[in-house]
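Q: This is what each chain is made of:
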Amino acid sequence: MDFTYDDEQTALRDAVRGLVGKAYADYEQRRRATKEDPGFDEKLWTQMAEMGLLGLPFSEDDGGVGAGPVEIGIVCRELGRVLAPEPYLSSVVLAGGLVSAVGTPEQRQELLGALSGGESVLAFAHDEPGHRWSAEAHDVTADASGALTGTKDGVLHGARADVLVVSAVLPDGGTGLFLVTGDALASVERSGYPTFDGGRAARITFDATAATPLGAAAADVTTSIATVQDITRIMAANEALGAMQTQLRATTEYLKSRKQFGVTLNTFQALTFRAADMYTSVELTHSMVDWATMVVAAGDPAQVADAAARAGLQVSRAGRHVGQEAIQLHGGIAMTAEYNVGTFTAHLTALDHLLGDAGHHLRALDARLGDHGVIDPLDRAATA
Amino acid sequence: MQLALTEDDQAFREEMRTFFTTTFPEEIRRTVEEGRELTREQIVESQQALNAAGLAVPHWPEEWGGRGWSELKRHIWHEEMQAASVPVPLAFNASMIGPVIAQFGTQEQKEKFLPKTANLDIWWSQGFSEPDAGSDLAGLRTTAVLDGDDWVVNGQKTWTTLGQYGDWIFTLVRTDPEVKKQAGISMLLIDMTSPGVEVRPIELIDGGHEVNEVWFTDVRVPGENLVGEVNSGWTQAKFLLGNERVGVAPVGATKRVLARAKELGASILADDPLLRARVVELENELLALELTALRVAAHSAGAEPHPASSVLKLKGTELQQAVSELVVDLGGPATLASGEGDATLEWYRRSTPTYLNLRKASIYGGSNEIQRQIISRNILGL
Chain A
18 MDFTYDDEQT ALRDAVRGLV GKAYADYEQR RRATKEDPGF DEKLWTQMAE
68 MGLLGLPFSE DDGGVGAGPV EIGIVCRELG RVLAPEPYLS SVVLAGGLVS
118 AVGTPEQRQE LLGALSGGES VLAFAHDEPG HRWSAEAHDV TADASGALTG
168 TKDGVLHGAR ADVLVVSAVL PDGGTGLFLV TGDALASVER SGYPTFDGGR
218 AARITFDATA ATPLGAAAAD VTTSIATVQD ITRIMAANEA LGAMQTQLRA
268 TTEYLKSRKQ FGVTLNTFQA LTFRAADMYT SVELTHSMVD WATMVVAAGD
318 PAQVADAAAR AGLQVSRAGR HVGQEAIQLH GGIAMTAEYN VGTFTAHLTA
368 LDHLLGDAGH HLRALDARLG DHGVIDPLDR AATA
Chain B
1121 MQLALTEDDQ AFREEMRTFF TTTFPEEIRR TVEEGRELTR EQIVESQQAL
1171 NAAGLAVPHW PEEWGGRGWS ELKRHIWHEE MQAASVPVPL AFNASMIGPV
1221 IAQFGTQEQK EKFLPKTANL DIWWSQGFSE PDAGSDLAGL RTTAVLDGDD
1271 WVVNGQKTWT TLGQYGDWIF TLVRTDPEVK KQAGISMLLI DMTSPGVEVR
1321 PIELIDGGHE VNEVWFTDVR VPGENLVGEV NSGWTQAKFL LGNERVGVAP
1371 VGATKRVLAR AKELGASILA DDPLLRARVV ELENELLALE LTALRVAAHS
1421 AGAEPHPASS VLKLKGTELQ QAVSELVVDL GGPATLASGE GDATLEWYRR
1471 STPTYLNLRK ASIYGGSNEI QRQIISRNIL GL
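Line order of the protein sequences matches chains A and B.
FYI, in this note's numbering the residues of the first sequence are 18 to 401.
FYI, in this note's numbering the residues of the second sequence are 1121 to 1502.
These are computed hints drawn from the structure, not numbers from a lab.
Where hints are given, some of them may not hold.
To be verified - Covered stretches of chain B (in silico footprint by chain A; criterion: 3 or more residues with CB under 8 Å from a CB of chain A, positions within the stretch not fixed):
(1) 1125-1133
(2) 1290-1297
(3) 1388-1402
Claimed, not checked - Listed next, with one range per pair, are the computed distances between beta-carbon atoms:
(4) Ile1483/B with Gly390/A: 27 to 35 Å
(5) Pro1145/B with Gly387/A: 30 to 38 Å
(6) Glu153/A with Asp1391/B: 27 to 35 Å
(7) Asp1128/B with Ala236/A: 38 to 46 Å
To be verified - To spell it out: a stretch of chain B is covered by chain A in this simulated footprint if at least three of its residues, at any positions, have a beta carbon under 8 Å from a beta carbon of chain A; those stretches are:
(8) 1211-1224
(9) 1407-1413
(10) 1493-1500
Don't be surprised by glycine CBs; every beta carbon is placed ideally from N, CA and C.
Construct all of the structure, not just a fragment, from the sequences and the given hints.
A: Laid out in structure tokens, this is it:
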């Protein structure tokens, strides 16, 4: 039982903080990076690759580093602290995670090697209009030859991606995963657009597009998708936690420096109490996120699903609370684009809707409510 | 980071669980589980059973019955006790005055009081609050004036919890009215059978008798009953109140009540998705709180308290109250008749008095507004 980083983890955190913290120390840097396509800093992405961050989750055989979820969580948390727009979550954790979970050894080596080296950006083309937070494909279909037809939307970094990992309904039912690359990718209609938090997403239309099955042909991989989504939710929770910690720090500093009626704002108890409640939200979230991250290291998929829902519910509630209060306590300045507080709130909102909001997680947990008397957080642990 | 307990802590957890669920008096556990009020005799019996097993005062110095456990072991002990419906040791004895006497008392005071305090042979009451000194404790006005070797005490204390059972009362009294208010306070131990001590019950909104006023009229207290130096009482008070916040988030007990609500209310919950959603939310918030308590316990190795510890009291009492509120809502009309009754409905009949009674939780032990003040000032630096 230990909720603290060991020496190596601390060193990793410091290194990541050094790199991305420096790159985005000035919020103007982030604004510049998100103003023009691809919406992130390709040079920084290469530096992240050189530092080994892009290969962290993948085995050494696949060209990665073979680190655990705690290390990946550290990277996500640091990216969240400075609102770094690099597609770590969508490309490495989500799309890379799927390749790692489902791909053949050759596919893993090729795709994850290139991803780890910063040569290739992956995107998971999965969400479809009219469906929310499903592990399955619904309207995009694969025919017997593997050709894909249908429309995906909200594909993070879908226009920039060098490789699309696409989910599709298989001819015999179930959801399979396919790779669209090279010439086939060039034939696909990809309509990229900025998201409200400065990110990038795309609407992608397939029309009998040639694709290669990821892993075994015609295999239903819905459960693998669900598990990778759960892990991504937990890593997104790490990112959200980093953002909330920054929000709290910025708000605290602001209350100490901003004057109204001739005195600093921290003179007003009504405001300091609200900051105290923000702190409470952040600390409870911190505990839950650390726990969920450790469950990934030790738990089976059912336990990871449970931890993802619990962390997701907590982060959804806390993210809204902290994000909204940060804006309110800053006042009008937080409404402007040149000041970062409002953008943090925007990003928290985006993370909230990426893989399931509080209501979604509540429903999942409600369905399992009768399975337990009390929750024992330690029964998810592998024996030490 | 590592989620699993060490083999040693795991074995300790099993040992605690086994003792609390097999050796500890069954009837007392059932009383707690069913939400009935414990009698004085049961509370004494309970603590003596714990003390006999070396489990009543594990956090005291080892010389006086402490066990030298890690913070994490203490946490496990506390949680397993609550999970098994075992009443925690009487706070006035185990958490409040015991550690103060062990820290500040004379050798004579330690020998005279500590063994009896651990075994609840002496039932201590707390005499801190006064009508004009609640959160602003330093405003207290009860006086003690030296007369020969004795202190002569006059004044009034209030909110003295279970004072009707008290044998002795530890008090803060004003011994120097001339200096800054914190500087003129001393701690006195007073035998409640002394002439001039009068305990008057205060009736509460739940219909119960839990708190009292204690009046002192020319009560003579031997000089040897002063704890620490004259006018050093504020130091002892801060030490005591600091201990009071440890283990103040009753996570184990609140989890148990929520689990019982799910069990007894299964058929009602099955038809009410909104109530179920509340259960899910509360379970999740309790999990976050429990993990925070674990994070704090696993972190502190006798050093500075983990900053997050200040959220435990605040959130712990909020959730305790919210669960009691849920139970009342779950029972609906079954909660209208309060107190004793038909066995199956008894739990619900006790639910509204409990809900009303627990309003106190966000007031005592430093009100939750005080906790917010501590967070904003001491942690956030506001």
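Q: Against this structure, judge whether each hint is valid.
A: Cross-check of the supplied hints:
1. 1125-1133: Per the Cβ count (5), the hint holds.
2. 1290-1297: Violated, because only 0 residues of the segment 1290-1297 of chain B bring their Cβ atoms closer than 8 Å to Cβ atoms of chain A.
3. 1388-1402: With 7 residues in contact (Cβ-Cβ under 8 Å with chain A), the coverage given for the segment 1388-1402 of chain B holds.
4. Ile1483/B with Gly390/A: 27 to 35 Å: Distance hint for Ile1483/B, Gly390/A holds at roughly 31 Å.
5. Pro1145/B with Gly387/A: 30 to 38 Å: Taking Cβ atoms as reference, Pro1145/B and Gly387/A lie about 31 Å apart, which means the hint holds.
6. Glu153/A with Asp1391/B: 27 to 35 Å: holds, 30 Å
7. Asp1128/B with Ala236/A: 38 to 46 Å: holds, 45 Å
8. 1211-1224: violated (count 0)
9. 1407-1413: n = 6 at 8 Å, threshold three: holds.
10. 1493-1500: Holds: 6 residues of the segment 1493-1500 of chain B have a Cβ under 8 Å from chain A.
Violated hints, in rising order: 2 and 8; the structure is consistent with all others.
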